[in-house]
Amino acid sequence: MRSDLGPAGELAVVVAVYNSASSLQELAERLLAYWQGRDISVHLVLVDDGSTDNSWQVLCRLAEDNSAILAVRLRRNFGQQNALLCGLQLAGGHRYLITMDDDLQHPPELGGALYDRAKEGYDLVYAIPNIRHRPLYRRLGAALRDGLFALCTHKPKGIKVSAYRIMTGELAKKICAGAREFVYLSAASFLHSPRVDNLPFSQPPRRYGRSGYTLRRLTELYWKLFVYYTAPGSLFRPRERGVPYEIDSRMGGWEDDE
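Taking numbering that gives the first Met the number 0 as reference, the numbering of the sequence shown is continuous, increasing by one, and the terminal residue is 257.
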């Protein structure tokens, strides 16, 4: 099935993909079905962040079947934040952009509630899962992240952050314009003092894969957050600036409809 969408539109959904071949078909089908049911133009930007399974083959097949889907493959694993930045830059021109995980713990249909809340005048809305029991290292990591945010950004008190969010196209442009070799989207967002809100939801149990966030990876992530988003951390920044990501190949996309 091919869609007939223009070069930009109302909404784009950006997903950083890593070793999620088993969930991608369902993810794409549910996203497209939901937004088509609401009669809202949607494009999907699916960024393969150096997967070692057959995620890229699945993405290529999805992009071949539907021109609302752009599949992108990075040269190596750059990290979720940088992969999402890639997707935001490629989806420039849309009025709203959603970012979400690839494992279906972020219900695709919840994007509708995020969209409706953003339409009330918010620049940024986070979907926050109601999770009572989290591993100790995840709780400690969240506390460290919130402390760093208080140090280096203007995050409003009481606001929580997550990878499932919607932002306006204008905010996305500002984030992309200030991109550096490491980006943390929430920290970059709060530098622009957006009007922000939270939307709680019940997170379904994990059906595919497992979390890629280990204590080591969280420690590395928050160290980079300190280095790149605080004044004291600037002392540790490398003198030579690198690139946030490198695209290896791409498949499909709404640009092909012209």
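By construction, these hints were calculated from the structure, which means they are not laboratory data. A couple of the hints might just be wrong.
Pairs of lysine-lysine, DSS-like flavour, derived with a Cα cap of 25 Å [said to hold, decoys possible]:
#1 K159 - K173
#2 K118 - K223
#3 K156 - K173
#4 K154 - K173
#5 K118 - K173
#6 K223 - K172
#7 K159 - K223
#8 K159 - K172
#9 K172 - K118
#10 K118 - K156
#11 K154 - K172
#12 K223 - K173
#13 K118 - K154
#14 K156 - K223
#15 K118 - K159
DEER-style ranges, computed between Cβ atoms [said to hold, decoys possible]:
#16 N53 - R194: 19 to 29 Å
#17 N76 - K156: 13 to 23 Å
#18 R74 - I158: 33 to 43 Å
Ideal Cβ placement from N, Cα and C applies to all residues, glycine included.
Exercise. Hints the structure violates: just list their numbers, smallest first.
Key: Violated: hints 2, 16, 17.
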